[in-house]
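Chain A is fixed; fit chains B, C and D onto it per the hints.
Protein chains: 4
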Amino acid sequence: MTTVAVVYHSDSGTTKLMAEGVHEGVASVAGVKAQLYVIERSEIIEGHFQNEALLDSLDAADAIIFGCPTFMGDVSGPMKAFLDATLQRWYAHAWSGKLAAGFTISGTPSGDKLNSLQSLITCSMQLGMIWVGLDQNPVNREGRNRLGFYLGAGGQPVYGSDEPRLQDGDRETGVAHGARVAQIAKQLGSGA
Amino acid sequence: MTTVAVVYHSDSGTTKLMAEGVHEGVASVAGVKAQLYVIERSEIIEGHFQNEALLDSLDAADAIIFGCPTFMGDVSGPMKAFLDATLQRWYAHAWSGKLAAGFTISGTPSGDKLNSLQSLITCSMQLGMIWVGLDQNPVNREGRNRLGFYLGAGGQPVYGSDEPRLQDGDRETGVAHGARVAQIAKQLGSGA
Amino acid sequence: MTTVAVVYHSDSGTTKLMAEGVHEGVASVAGVKAQLYVIERSEIIEGHFQNEALLDSLDAADAIIFGCPTFMGDVSGPMKAFLDATLQRWYAHAWSGKLAAGFTISGTPSGDKLNSLQSLITCSMQLGMIWVGLDQNPVNREGRNRLGFYLGAGGQPVYGSDEPRLQDGDRETGVAHGARVAQIAKQLGSGA
Amino acid sequence: MTTVAVVYHSDSGTTKLMAEGVHEGVASVAGVKAQLYVIERSEIIEGHFQNEALLDSLDAADAIIFGCPTFMGDVSGPMKAFLDATLQRWYAHAWSGKLAAGFTISGTPSGDKLNSLQSLITCSMQLGMIWVGLDQNPVNREGRNRLGFYLGAGGQPVYGSDEPRLQDGDRETGVAHGARVAQIAKQLGSGA
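Chains as they are written, first to last, in our numbering: chain A, 1 to 192; chain B, 1 to 192; chain C, 1 to 192; chain D, 1 to 192.
Excised from the complex, chain A in its bound form (with noise of 0.2 Å):
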């Protein structure tokens, strides 16, 4: 059975709910098995991110999305360390050939979001990854994918809003990511 996991990290709430619509996605389509990973700040110790668990987990999904708040114009601190716990997957080509796909979410419609996918991406290929992207024109500007982006989905937050909230067709993005990812994780695997 083709399994896509969804590994993420957030602090205000946001980004998790954008895990959340990626995940939902990817469960969506049939014969494909969705999972949702939490990158905590509680293991990040001396920098290092040190749940090997959670990594092992990966090491058995055949795409891997990665998600984060793009804080300073890169990807979150918490995700770096993370990614840095990837080099002995690097070494053993542990990844190579998986699928990747990533999102993030900034306060800004542009934010440098694209910088966050782009070390993603960097991230992916060093791994021997194949990138996925988002594929949804934004015909009416609204909508799915109504920020324009298309190396991963981007999305902003509500302010002022009392809990976390993100604006209006940013979740749908998200879904719509998830699914399309494993889609073509399980056709990829139909062909191995």
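Derived by calculation from the structure, the hints in this document are not laboratory data. Note that the coordinates shown come from a computational prediction; the quantities given were computed from them, not determined experimentally. Treat the hints loosely; a few may be bogus.
Claimed, not checked - From chain A, some residues computed to sit far from chain C (all C-beta separations above 12 Å):
1. Ala34
2. Leu54
3. Ala101
4. Gln187
To be verified - List of simulated lysine-lysine pairs, BS3-like, C-alpha gap at most 25 Å:
5. B/Lys186 <-> D/Lys186
6. D/Lys186 <-> D/Lys33
7. C/Lys186 <-> A/Lys186
8. C/Lys186 <-> C/Lys33
9. A/Lys186 <-> A/Lys33
10. B/Lys16 <-> B/Lys33
Even glycine gets a Cβ: it sits at the ideal position worked out from N, Cα and C.
Same frame as chain A, but now just chains B, C and D:
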């Protein structure tokens, strides 16, 4: 006298509007001479930009602000042909120490404009130039820098307009960008 | 039958050598048809790439591998003109789901080749393609992937040579890259 | 008096060697005060960089040169935690108008170091800083800037060495880089 040149390519006319805003911002700074140059498609012969006079004019500028649409996620083809033609300046270190800055337009809020700005920075760094960004925090997500760019100025056209129009705030973003580059060019020149 | 096309621009002839290596790698995979297309400067009229027949040929490919020199830190002007000309495929989602990959050549080990590969990825993602990287760990800093690229294949010319020559290992890097893309294209096609 | 700070993270000790070279270059410029600060893993608590005194020291600098290893294709996790901690300076525009520059080390010639430099630029631009690149044309592919970087200085370790060592030319690249940043900082300060 400090001279700041704006050099741009525009097909539909919206990048031209942005360029005029940037130029206006440069001209608003006392003691700075503002210049506006356009890259024409007719100047590209077999993929080579052939207007040597334009390049010669830029040799005398203290700062050069590059502008173009983002096409398929990077600087427009005509801008790239122009950038290729700076090769002789690279050999000669002719533009070393000049300031550089950039702006770009595309149809969606992100629209991968950041990748175009990165390509403009990369070329500028090859030429030994010094990069000046936007420095406008998008406090209220409207008006100046409503899109949340930092490497340079980003804009979007208004669709369905009979004539080229920029979305509200984008021209003002360009004006402020031009003024900032001019002020820093003046400061750097005074210290030489 | 799975079809993989290599489309490249070359001025001095070294990118052509690399392209031939990549093409050889593609052709080495049983059941895969390899195609080689060249972007000519003469096909660029007023900055527009005008060879519609070449674009039509690519419509039928399962994977497209883009190659060009890195000029002033980004894809060469002729390659950019070609990429601009894929706009109709963007509107139509015509290349969605195809594989994409890339290679580039410049005079120094880094030479900002990574920025060219990022620009190729960005365009490919706008087109809805799926990106396949190099997946060659540079174990001994010689031979295959001696330069340490991951997003695609990088190469360098030999200077002072009477005819175009690539440095040792670079053509082999390209051959292995072509073979990998072909294998994944075949696998993805089998699962469709 | 013009003050230029070098702030770096180093695990194995080679980035430290590069940082010392950059610092030496800064100190070689008459009338410029050179400072050297280190980011320690022990200062990262739950993924947050906690050395507020270091950030306070940087507030007084005219230029900040950031250095770190490239891990998995981007700035090291500890450097990213540090960059995240500049958020309060972003809100306050506290570092606006300062110069910024960068250097990075990884095991292969390219090693995706360019992506790390892009991430450093992106953060610097969010902070309103002005980016100074390397400006060293790699004439003979040996010695200074033998690797062909432009956005900042790149280096590589010598493998199999008992103690940390940089490859020939890399420290000199760093020294020249530090000197250039110091000279431009002095010039900009004189013009203020």
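Do the hints match the structure? See the list:
Residue-level check passed: A/Ala34 sits 19 Å from the nearest beta carbon of chain C, beyond 12 Å. Its beta-carbon lying about 23 Å from the closest one in chain C, A/Leu54 satisfies the requirement of being farther than 12 Å from that chain. A Cβ of chain C approaches the Cβ of A/Ala101 within 12 Å, the least distance being about 10 Å, so the stated non-interface status is violated. With 12 Å as the threshold on Cβ separation, the claim that A/Gln187 sits away from chain C is violated: the shortest Cβ distance comes to roughly 4 Å.
The hinted pair formed by B/Lys186 and D/Lys186 meets the criterion: a straight-line CA distance of about 15 Å does not exceed 25 Å. With a C-alpha separation of about 10 Å, the suggested pair D/Lys186 and D/Lys33 falls inside the 25 Å cut-off, and the hint holds. Distance check on the hinted pair: C/Lys186 and A/Lys186 sit about 15 Å apart at the alpha-carbon level, within 25 Å; holds. Among the hinted pairs, C/Lys186 with C/Lys33 is consistent with the structure: their alpha-carbon atoms are about 10 Å apart, no more than 25 Å.
Distance hint between A/Lys186 and A/Lys33 is fulfilled; the C-alpha atoms sit about 10 Å from each other, no more than 25 Å. With a CA separation close to 19 Å, the supplied pair B/Lys16 and B/Lys33 stays within the 25 Å bound.
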